[in-house]
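Protein chains in written order, with full-length UniProt numbering: chain A, 1 to 426; chain B, 1 to 426.
Check each hint, because a few of them may be wrong.
Which copy is meant is left open, because identical chains are indistinguishable; a pair holds if it fits in one copy or across any two.
Once the Cα atoms are required to be at most 25 Å apart in a straight line, the calculated SDA-like pairs of lysine to any residue come out as [claimed, not checked]:
| id | residue 1 | residue 2 |
| --- | --- | --- |
| 1 | 232 | 38 |
| 2 | 406 | 364 |
| 3 | 402 | 366 |
| 4 | 6 | 418 |
| 5 | 426 | 15 |
| 6 | 354 | 30 |
| 7 | 91 | 150 |
| 8 | 28 | 133 |
| 9 | 406 | 44 |
| 10 | 426 | 48 |
| 11 | 83 | 325 |
| 12 | 220 | 79 |
Please keep in mind that the hints were generated in silico from the structure rather than gathered at the bench.
Number of protein chains: 2
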Amino acid sequence: MKMLIKNVTAVLPDGSTPVTNIMIDKNKIAGIGEVPEDFRPAKVIDGTNHLAIPGFVNAHTHASMTLLRSYADDMALMDWLNKEIWPAEAKMNDEDIYWGAMLAMLEMVRTGTTTYADMYGPWMERVAEATIDAGLRGVLSRGIIGVAPDGEQKIQENADLFRQFNGAADGRLKVMFGPHAPYTCPPKFLEKVAAAAQDLGAEIHIHMHETMDEINGSLKEYGERPFTWVEKTGLFDGKGTLAAHCVHLDDSDFAILKKHNIRVAHNPGSNMKLASGVAPVPRLLQEGIVTALGTDGTSSNNNLDMLEEVNLAAMLHKVNEADPLAVPAFTALQMGTEFGGKAVGIEDIGRLEKGYKADITLLNMQGPAWCPRNNPVSLLVYSANASSVDTVIVDGNVLMEKNELKTLDEERILFEAQRCADRITK
Amino acid sequence: MKMLIKNVTAVLPDGSTPVTNIMIDKNKIAGIGEVPEDFRPAKVIDGTNHLAIPGFVNAHTHASMTLLRSYADDMALMDWLNKEIWPAEAKMNDEDIYWGAMLAMLEMVRTGTTTYADMYGPWMERVAEATIDAGLRGVLSRGIIGVAPDGEQKIQENADLFRQFNGAADGRLKVMFGPHAPYTCPPKFLEKVAAAAQDLGAEIHIHMHETMDEINGSLKEYGERPFTWVEKTGLFDGKGTLAAHCVHLDDSDFAILKKHNIRVAHNPGSNMKLASGVAPVPRLLQEGIVTALGTDGTSSNNNLDMLEEVNLAAMLHKVNEADPLAVPAFTALQMGTEFGGKAVGIEDIGRLEKGYKADITLLNMQGPAWCPRNNPVSLLVYSANASSVDTVIVDGNVLMEKNELKTLDEERILFEAQRCADRITK
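Please construct the entire structure, taking both the sequences and the accompanying hints into account.
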């Protein structure tokens, strides 16, 4: 189907914001600019007073954890995990995984995210189902913990997930392998994960260097930093690696990131809330390492609002580096869109450009936060919030138009998610 | 008039969140709890599925600067001031001051702020007029720069503002004296400001210790830190002082803050965006110094959204102190409400409690950010955004009900503000 978004203020890949037209043909952007005489759209969306951006890419989350949003906050990390999060997760069944994921889909569509990278489980097939039902683009991985007795089985489940869903839903689904972290996956086990992933040509999604405790624990146990010994397992030798967090990095870690083209998912909100530390984002960007943004799960954020992460990325590194130019607004927006596409290994998303996938978010620039209409990118990143998102298109399909959801039943999702949450947390 | 908010989830001063009823009589909260038989309200607001909080108190801003929102960002500080902000401000006339303030009023009502402390000028009487028109509670001061040739005249203007508006609009207006900062007001000049303010029994609103440059400049010029020599001018000996920023504080500064009961307006968003540094908020709170929150002006934030500041206060200090318990959600909310009341010297605002002013904000808990309904305070601070605000009451008057504005003409304000901005920035 051909579709036209007319008269819209579009954020182009060079940061310019002309009022223009976006032409869509099937699942791709067919052109941006003047509408040729022979372009006959079956659907026209009036983009007047709207800002068009590439849909946000949430490069690291745990969607079904929405059920635990604000269930336990302001606690010390190990208390939080041992007494609250893990006991609640242990009660989750496959319905919880589905409705938790559906609540995440609802929130992502409402806040303009079009692609997300997930790590969770069991029952990741229900997350795949939710993603298909909602119409989003999902990069799924089964969280694999090697220190648990069923570690091998989880590798198998991840392989099954890959065979069943990689490339499914017209290519909207992609499957990676999800070894949880170096501190939950010993070297021999990571070798097995690496072999299984490489066997299938799958990429890796892993938490790396989130806290100083993790690095100190590794130094104590292995005499080496996690990046150093994980590299030796061959985990980074496959098709590609998405490393979440990367908060604490020294020169040797930077060398490994660059050598293996490892892509980083920076999670400023989660790192602030859990007091994990501040990732060296300006240096990562400067050294040409792909650095995207993620929300992490909603129990450490507590939402899936990518515009907040874009804002935090712009704000946190300024104060941390004592440099008001550290991460400018447009760079932060690129981290949440174009660099997100690269981070999750989908090269043709994240830019409003001919040939790219038609994954587009429109924000209504009505209201005081957008007035006066000075610099639209600055207004987006520093002033507006995600409630301005009113239209979301993924793969050429309209998921929300002028706030009306096209694929999701909001009332039902809120009802079912609450019911699931009540059972596992009470 | 008697008014009832029934069946509302209310955040009480102890942090509990019962579903209850709030009774209002004229401009005060008459009670919270069961509705007595003889309480006959002329108006009833259904609070079902809504969260009631004390209206936010923005303890430091420059309202009319909304006209410069996102006009010039991601620049070095002195370039920004010299090349962009000051030339634009120099073109402002009294209409600009009024419509800039009206845009601020609109934004504050939409985001749930009921009281704000302002420092700007000239034509602060137009800001007073806007505050009266909108129905907010305003604590106004004329920004006084002593190094300018018209410094004395500005003291006079601040005195006139006090005489004309302090206590006006049924007590909704309060006037302080606004000596801009130690680096723009030399000692002899501050002595004059102190005398003029004390003569009228007025409090002081001043920027203190915002940047290291300010402190280093003072050490070079006076051989002392600003707090040290400003204390000697007598500025802190009057009725009270509201000190914005206080980012860089040593033990001697803390001693002065405590000795004079100086109240602090912490501006996390502005301090992050301008890379000023991170104020020692956990220590300020621990030492019993009143520490409130402000947005600062919209050219360094870039909005007047107090819920964002509450969120940032909770998040920034966790990562800065490497302590996930540094500023819990409820403490951050208190900073944005109750402590704000104390900071601006109005003791009977900022709490949902009998006898306090009826300054109340209601948030609609509909939508994914509020689901599941675990801890309402945590959901408010960590997950929701200000678009949930749908009803705002100030001094017993309804300024917005279910998103409908009662005192402000949104279309006109946006039109006039844009017109003013176009003239001064183009």
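Verification of the hints:
In the homo-oligomer, the alpha carbons of residue 232 and residue 38 never lie at most 25 Å apart, since the shortest distance is 56 Å inside one protomer and 78 Å across protomers. Taking CA atoms no more than 25 Å apart as the test, residue 406 paired with residue 364 passes in both settings, with 18 Å inside one copy and 23 Å between copies. Proximity of residue 402 to residue 366 under the C-alpha cut-off of 25 Å is found in both arrangements, the shortest distances being 12 Å within a copy and 18 Å between copies. Taking CA atoms no more than 25 Å apart as the test, residue 6 paired with residue 418 passes between copies only; the shortest distance there is 24 Å, against 39 Å inside one copy.
Proximity of residue 426 and residue 15 under a CA criterion of 25 Å is satisfied inter-copy only: 21 Å between copies versus 48 Å inside one chain copy. Taking identical chains as interchangeable, the C-alpha atoms of residue 354 and residue 30 lie at most 25 Å apart only when both belong to the same chain, with a minimum of 5 Å there against 62 Å between chains. For the identical chains of this complex, residue 91 and residue 150 are intra-copy neighbours only, at 17 Å inside a copy versus 70 Å across copies, given an alpha-carbon limit of 25 Å. Within a single copy, residue 28 and residue 133 get their C-alpha atoms as close as 20 Å, which meets the 25 Å cut-off; across copies the closest is 50 Å, which misses it.
Only within a single protomer do residue 406 and residue 44 lie at most 25 Å apart by alpha-carbon distance; the minimum there is 16 Å, versus 36 Å between protomers. When the C-alpha separation of residue 426 and residue 48 is checked against a cutoff of 25 Å, the pair qualifies only between copies, where the shortest distance is 23 Å, while the shortest distance within a copy is 47 Å. Only between protomers do residue 83 and residue 325 lie at most 25 Å apart by alpha-carbon distance; the minimum there is 16 Å, versus 42 Å within a single protomer. In this homomeric assembly, residue 220 and residue 79 come within 25 Å of each other (Cα to Cα) only inside a single copy, at 23 Å, whereas the closest approach across copies is 49 Å.
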